[in-house]
Structure formats: structure tokens, C-alpha cells
Amino acid sequence: MTPVIRFEHVSKHYHKRGSVFSRRDLFAALEDVSFEVRAGEAIGMAGPNGAGKTTLMRLAAGITGPTHGRVSIRGRVMPLLGMEGCLQHSMNAVENARFLLSLHLLGQAEKNRLLPRILEFSGLDGFYDMPVHKYSNGMRSRLSFSIAAHLPSEILLVDEALSVGDKEFQEKSRAKIAEFLGAGRTIFFASHSLPEMRQITSRVLWMDKGALVADGPAGDVLDRYQAFRRP
Amino acid sequence: MNFWRLVLTLASKDLKQRYQMSWFNFGLSIMQPVFHAAVFTLVFSKITQFGSEGRPYAAFSLAALVPWAYLTGCVRGGASSLSSNVPIITRLRFPREAIPLSTVLALSVPFVLNLVVLAAVFHALGVPVGLSALPRLLPVFALQAALGAGLALHLAVIAVYVGAVRSVLSAAMQAWLLISPVVYSLERVPEEWLGAYRLNPMVGIIEAYRATLLHDRTPDYGALLPAVIAASILLSSGVLVFRALERNVADHL
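Chains as they are written, first to last, in the numbering used here: chain A, 159 to 389; chain B, 4 to 256.
Keep in mind the hints are simulated off the structure, nothing from the lab.
All C-beta atoms in this analysis are idealised placements derived from N, C-alpha and C, irrespective of residue type, glycine included.
Certain hints may be false.
Claimed, not checked - Covered, in the sense of this in silico footprint (three residues per stretch, anywhere, with C-beta under 8 angstroms from a C-beta of chain B), are these stretches of chain A:
hint: 1; stretch: 219-225
hint: 2; stretch: 244-252
hint: 3; stretch: 257-265
Stated by the list, open to error - Pair ranges (Cβ atoms, derived):
hint: 4; chain 1: A; residue 1: R271; chain 2: B; residue 2: S240; range: 36 to 46 angstroms
hint: 5; chain 1: B; residue 1: S173; chain 2: A; residue 2: G265; range: 36 to 46 angstroms
hint: 6; chain 1: A; residue 1: R382; chain 2: B; residue 2: V89; range: 34 to 44 angstroms
hint: 7; chain 1: A; residue 1: G233; chain 2: B; residue 2: S25; range: 38 to 48 angstroms
hint: 8; chain 1: A; residue 1: D283; chain 2: B; residue 2: F29; range: 26 to 36 angstroms
hint: 9; chain 1: A; residue 1: R271; chain 2: B; residue 2: F29; range: 34 to 44 angstroms
hint: 10; chain 1: A; residue 1: R234; chain 2: B; residue 2: N28; range: 30 to 40 angstroms
hint: 11; chain 1: B; residue 1: F29; chain 2: A; residue 2: D366; range: 48 to 58 angstroms
hint: 12; chain 1: A; residue 1: G208; chain 2: B; residue 2: S86; range: 20 to 30 angstroms
hint: 13; chain 1: B; residue 1: N28; chain 2: A; residue 2: G243; range: 21 to 31 angstroms
hint: 14; chain 1: B; residue 1: S240; chain 2: A; residue 2: D283; range: 47 to 57 angstroms
hint: 15; chain 1: A; residue 1: A341; chain 2: B; residue 2: L141; range: 44 to 54 angstroms
hint: 16; chain 1: B; residue 1: L137; chain 2: A; residue 2: G208; range: 54 to 64 angstroms
Please construct the entire structure, taking both the sequences and the accompanying hints into account.
See the structure below:
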């Protein structure tokens, strides 16, 4: 099967500070990373902070481009990362949902079809017409997760997003992820919760200091990773 | 199709966020060309004489200040368009060209309101401005919007990488104002300079507004050629420059 995500010798360098034009002060967030993801795979990403997990996600989502190498993506990518930040504070839940659906270039019919599902899933009944700046953090997370989870996409990037909302909502989010997996959607999962990663993913990329340390079956890689962290 | 719907959505968001907070701000921004016209009238019709083609100076300058305000809006708004949409740019993948284009689209709303204010001011000054002027202005407005969009596309991405752009812009816009027939009449430009002077794309555009609004004449469409050329070049190179530079903007916002 053709890969849906392909990284070929990908490096990403950031400027630590200031000028775009200076060649000094470059910092390699990713260095020569290569891997492929096939459709329907659930891939975990393990590694300490600063390992390059977020950079890798941003590249896979097409939010930024690689400094060297090539990133090829087939299909629509939906990042579930920090989506709360995308909510427009002066808009209410319905307007925000419509806005984010527009950003994904969905047509009117598609929006009208998805909107009731998003609202129902959010469980924010009675608060749909309240501007989001009056929402609590929990409510914002629920709304943004609901919108993101209903956007049509072949590839999902999940970054610690399952710890959103109360216990009941977390259960619902987990069930949603399971539903995605069942439906053969590709999932990229970055988390510090290794038990959760074991449960969800079948393959794990272990990242450290911008390099790919290991890439293999989830059980094996996570065993090695845990042994490495707690010798 | 859905891309243009997104541009429309972003434009209405832009307008709401800009004006929702205060009607005072909204009124102020609509009245801005009138304030400028008032100041210029005081200075240029009383202190020095620039000529106003036989019309009240206030009407004469306002006819140019309204399209000028639109151009300034495209330049300023374009340059700050990406940095005012950081959250969605750094978290989602979508056609980012929609952002500067939506800024230009949103500016057509204050522009139309400015024309309404202009009509009121003209009426008060006893200068007739007919509805027959509107169809003749449409192609001119389209051209001006294309020019604005071309500039906005360039400036949107360049401003992300080169922070100094915005301060350079205000100086550049002042210089551009001085080499355009806004506060003075084209008739005052020496004959031997006219050839070079007319290369400025805003000359043809401003003259078209004056011809229709002030003199109720059909604009000299031939004089719009520099604007047509500038708009085509800026718009097509704008798309290319934007696409080439947008890839890494999220790293610098």
C-alpha cells in the first residue's frame, strides 16, 4: 500500500532568536528523520520534551515546511493540537464551528450536516449562543475537540488531546478515537501517557533530540523507552 | 468556490472584530477621508492655492482621498494581516492566501460607506454626484482592488520576515501620496513631467474618480493602462511570492 505520510531525510532548523537572515544561532529541532506511515496505522510518538514531537506534527500537518528533505502527505490532515487557540473569542459555538469548517474549505451542505453533530458531541447544550470568551477552559476544550473530531480527514494528529474535559467527556473522546481507528483512519498520537499509547497505537516512533531513536511495534519500543528512562 | 467562501468568512470576521468593539471606532474610520479633506481644504485652499478644477476644494480632494484611503488600507491591513491571525496559522493548514485577500475584500465595506459620506458632503457643497457615476466606477474599483490585493499579498508575507517593513511603509505611503494628484490637480503638474508622472498607477485611478464623481464625465480609460499593467504584475507576482514564502511563516509569527 502507498504511504499516506512519508518523511525523507527531513530536517527542520529554527532560528533561536532574531533575524531570519543570519546563518548562526540555528537550532535543529529535527535532524535527518525518515519514516513512512501507511493508511489506517495508529502511530505513537514517545520522547521527552524537546525531542521534536511537536515539530514533527507541525510538518505532518503542513503548518510549516522542512528545512531539508521532503515531506509528502496524501489526504487531509486534521491536527487535534491546541485547537482551543483557534476559537474566535467574540464568536459563539455555532459561529466558531462554522468558521473552522470554512477554514477546511467545506461547502455549505457539508457544514449544515456536521454542525448538529458537533454541537451534540460537545455537550454544551444551552450555551451555543454564548460568546466563547465567556466559556470556561473546560468548555472551550470540549468545543474545540468536538469541532476537530468531526472535520473530515484521513489523518488525525492527536497531541495530549485526550485529557480534555471531565471524566465523562474523556470517555467520549476515547470512544471517538477508537471509532476513528475502527474506520481505518490514520492516527498520529503524541503523549506522555505511555499506558494510553500502548492501548491505542500499534507502532511507536521514539524521538530524542530531534532524531529518530527507534521505530517499531508499540510494545517493543515502549518497553525499551521505559527501560531507558528508568534504568 | 469554497476558497472564495472562506475569503468571505474571514472578511466578515475581520470586519466584526474591527468594529464590534466600538461604534465610535467605526465612525471614526469611515469619517477619516472627510477629516483629511477638511484639513487639506484649510491648508491648501486658504494658505496655498493648488487649484481644484473649478470645484470646491473639499469635494475635489475628497474624490481622491476616498480611493486613497482604500489603497492605504490594503497596504497597512495587508502587512498586518498574517500577524493578526496567528492562532489559526500556527495550528491549521488552510490556503493562507485567503487572509490578505479577505483583508482587501473587507475594506470594500468602509469604501462603499465612504462613497455614501462623499455623496452627502458633495450634496452639502452643491456639487451634483449622480447615481449614473456608479457603473462607470465599477471597472475602476475592480482595478484598484486588484492593485490592492497584489500589494497585500506581497506585504503580508514580507512583513512576517522583515519586521521593519511596517515602519518603512508609512514613509513610503507618504511619498506615494505626494507623487499622486490627491491634494493637487493633475493640471498643476508641468507638461514635461507628465509622461513619467503618469507611470504611477494611482494617477489614472484617481483621475477616473475625479472625472466621474466631480465632473460627471466618462473616465479616460486609456489613462488606466499603467494601473492595469501594475495590477497584473503585482497580482501575479504576489501569488508567486506569497506561495514561495508562506511555507515557513508559522515559524516566525
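Hint check results:
no. : hint                                  : in the structure
1   : 219-225                               : holds (count 5)
2   : 244-252                               : holds (count 4)
3   : 257-265                               : holds (count 8)
4   : A:R271 <-> B:S240: 36 to 46 angstroms : 40 angstroms, holds
5   : B:S173 <-> A:G265: 36 to 46 angstroms : 41 angstroms, holds
6   : A:R382 <-> B:V89: 34 to 44 angstroms  : 38 angstroms, holds
7   : A:G233 <-> B:S25: 38 to 48 angstroms  : 44 angstroms, holds
8   : A:D283 <-> B:F29: 26 to 36 angstroms  : 34 angstroms, holds
9   : A:R271 <-> B:F29: 34 to 44 angstroms  : 36 angstroms, holds
10  : A:R234 <-> B:N28: 30 to 40 angstroms  : 38 angstroms, holds
11  : B:F29 <-> A:D366: 48 to 58 angstroms  : 53 angstroms, holds
12  : A:G208 <-> B:S86: 20 to 30 angstroms  : 26 angstroms, holds
13  : B:N28 <-> A:G243: 21 to 31 angstroms  : 25 angstroms, holds
14  : B:S240 <-> A:D283: 47 to 57 angstroms : 51 angstroms, holds
15  : A:A341 <-> B:L141: 44 to 54 angstroms : 50 angstroms, holds
16  : B:L137 <-> A:G208: 54 to 64 angstroms : 60 angstroms, holds
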